[in-house]
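Student: Each chain, written out:
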Amino acid sequence: MHIPDGYLSPQTYVPLYGASFVFWTIALRKLKKEMDAKYVPYLAMAAAFSFLIQMFNIPIPGGTTGHAVGAGIIAILLGPWTAVIAVSVVLIIQAIIFGDGGITAIGANCFNMAVVMPFISYWIFKVIRGNSEKGMRLYIAAFLSGWLGLLIAALITAVEFGIQPMIAMSPDGRPLYAPYPLSVAVPAMALEHLLVFGIIEGVVTAMLLKYFFKHEPDLIYALHGGAR
Amino acid sequence: MTSFQKKLWIGLIIMALLSPLGIILPEKFKAGDAWGEWGTDTLEKLLGYVPEGLKKLADLWKAPIADYNLGSENSPLIIQVVSYVISGILGIAIVGSVIYLISNLLVKKS
Numbered sequence: 001m002h003i004p005d006g007y008l009s010p011q012t013y014v015p016l017y018g019a020s021f022v023f024w025t026i027a028l029r030k031l032k033k034e035m036d037a038k039y040v041p042y043l044a045m046a047a048a049f050s051f052l053i054q055m056f057n058i059p060i061p062g063g064t065t066g067h068a069v070g071a072g073i074i075a076i077l078l079g080p081w082t083a084v085i086a087v088s089v090v091l092i093i094q095a096i097i098f099g100d101g102g103i104t105a106i107g108a109n110c111f112n113m114a115v116v117m118p119f120i121s122y123w124i125f126k127v128i129r130g131n132s133e134k135g136m137r138l139y140i141a142a143f144l145s146g147w148l149g150l151l152i153a154a155l156i157t158a159v160e161f162g163i164q165p166m167i168a169m170s171p172d173g174r175p176l177y178a179p180y181p182l183s184v185a186v187p188a189m190a191l192e193h194l195l196v197f198g199i200i201e202g203v204v205t206a207m208l209l210k211y212f213f214k215h216e217p218d219l220i221y222a223l224h225g226g227a228r
Numbered sequence: 229m230t231s232f233q234k235k236l237w238i239g240l241i242i243m244a245l246l247s248p249l250g251i252i253l254p255e256k257f258k259a260g261d262a263w264g265e266w267g268t269d270t271l272e273k274l275l276g277y278v279p280e281g282l283k284k285l286a287d288l289w290k291a292p293i294a295d296y297n298l299g300s301e302n303s304p305l306i307i308q309v310v311s312y313v314i315s316g317i318l319g320i321a322i323v324g325s326v327i328y329l330i331s332n333l334l335v336k337k338s
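Those protein sequences? They're chains A and B, same order as listed.
For the first sequence, my numbering gives the first residue as 1, with consecutive numbering after it.
For the second sequence, my numbering gives the first residue as 229, with consecutive numbering after it.
The hints are simulated quantities; they were obtained by calculation from the structure and are not laboratory data.
These figures come from a predicted structure and were not determined experimentally.
Glycine included, every Cβ here is placed at the ideal spot set by N, Cα and C.
A hint or two may mislead.
[To be verified] Here are some, though not all, of the chain A residues that point toward chain B, as calculated from beta-carbon distances under 8 angstroms:
1) Asp5
2) Val40
3) Asn57
4) Thr65
5) Lys134
6) Met166
7) Ser170
8) Gly173
This is chain B alone, in the form it adopts within the complex (with noise of 0.2 angstroms):
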């Protein structure tokens, strides 16, 4: 690895560090979900109804870790800062370990 490189992955295990950034902000700025990713208990506030095709494929699939959160949707915030954190280490972990599988069959050797 050169040393350009080793920063970069520095880098990138610092911004994992910083990410939870992204779940205190909205909350303190009262920020909801992002446009037209409400859940169907949100849809239900906004509408006063669920659509039906909508709700058939709603939970067609139960997420391992759903919103980057290791805990409930009601844990306390230090709960989804940490499910955060180990989120964002585990997606750099994942992500980079299915690029190098995927190189790995495809691209020559220099």
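Here chain A stands alone, though its shape is the one from the complex (with noise of 0.2 angstroms):
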């Protein structure tokens, strides 16, 4: 889900860098006046979790690759807002360290996997459990938030790829940057993060949850309304 340089036109990254800056600059105050030093290492740790599962790269036999994000999990146990930083700082890194990712396209790749990503897995997380406190329900809550939260990145992603052909051709009628229209881009993106990564992410999203609901149930920040 890492656009690279060149697969979107500057109309579409610029707007994207755009709309990442305000979640920074929101998620970097907010971080200032709520968080506190003893959740900092919980934070570098989120970060350093993220970075490496997107390093699992999952085969689609004789197809495509993709990988989990972990930004649900983050978003439930430290905050969405929080997840926003974590996640950005490892795509930031990705880009500059390991050309995972395009420089132009780094708001495009934080717009997906750092902003919608954990606000839709957070949202989803919410709903679903409702007032339960503790048993399946919450496991169930955590998978589907995983689960959709890709997806949904996923879908964004591909409609960022697939509007490409539509806004910028060369005068012989080629693409100028991603060449796939929405035809084919939505249905290739959702169908593997439905039926593939998408399940991977929910089930790393409600195994991390048991984990931590068993050793460190006080951390996990969507439980607890949030106030911190």
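With the hints as a guide, bring the two chains together.
Tutor: Laid out in structure tokens, this is it:
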């Protein structure tokens, strides 16, 4: 889901830089206001976790690869605004040091994976969990949160790819940037994330929630109404 | 550091050591790039051309450890495996340091 340089037109990547910038600013302000120093190690570990889980490329035999992002579990454990910072730092380092995702696409990639995903995941978790304090319902909520969070992030990414042929064509009618239209990009990205990568994200999210619930339940942001 | 935090850090190191699975498995199952993340060579094969605008931007930035690989694209798998583990450890160190740096500037001590 890391859009490389060249796939998005400036008409797309510039506004997405703007959108991410707005979220970065608010997130940093919230971090300054609300976060206690004792959570800093968890924030660092969350970012390290997101970096590492993204290295586990999952193959679709004979097809493409993809991976989990970890933004959903980070949003559940530390809150969605903290997840914005953790995952954005990861994506920016990936682009600059490891060439994973383009420099021009940092805004877009952060918007998709570090803004859309944590907020959707967090919201799904809150809605599905309802008032449950423990038990199966929490883990089902966590699974769906990871699964659908990644799926929706993938769909937004697919739309960004798919609108490129409409935005910019060369005089001979060839696309200038990402070449495939919405009708190709959306089903391709949706199916693989629906059936494979999203499921992995969901399982990882549920398992990690279970682990934290067992060992450090007080830490879990989404279970304490977010007040901290 | 609490003992719980120590456990989590150990878990992260284990993840870094296992990360080469992320290149070995795709190789074994003959899976290619992620959708929409093809290089210009692959695009040329897929489309028969490379989109003009894409070509101009594609090589904008030369990452120091491109694709988490210290060798080249054609290096033997073992080089890529070792590079991956090093990238994983480096990744932990860099993102961790950046987070501590940001937090130091922002977060109040308790």
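Student: Next step is simple, just say for each hint if it's right about the structure.
Tutor: Outcome of the hint check:
Interface restraint check for A:Asp5: the shortest CB-CB distance to chain B comes to about 5 angstroms, inside 8 angstroms, so the restraint holds. Restraint check, A:Val40 versus chain B: the minimum CB separation of about 4 angstroms is within 8 angstroms; hint holds. Below 8 angstroms, beta-carbon pairs count as interface contacts, and A:Asn57 has one with chain B at about 4 angstroms; its hint therefore holds. At its closest, the beta carbon of A:Thr65 sits 5 angstroms from a beta carbon of chain B; the interface hint therefore holds under the 8 angstroms criterion.
Look at A:Lys134: its Cβ only gets to about 19 angstroms from chain B, farther than 8 angstroms, so that hint breaks. The interface hint given for A:Met166 is violated, since its Cβ lies 14 angstroms from the closest Cβ of chain B, which is over the 8 angstroms cut-off. Restraint check, A:Ser170 versus chain B: the minimum CB separation of about 5 angstroms is within 8 angstroms; hint holds. Given hint, A:Gly173 at the interface with chain B, is violated; its Cβ is 12 angstroms from that chain's nearest Cβ, farther than 8 angstroms.
Checked against the numbered hints given earlier, this structure breaks hints 5, 6, 8; the rest are met.
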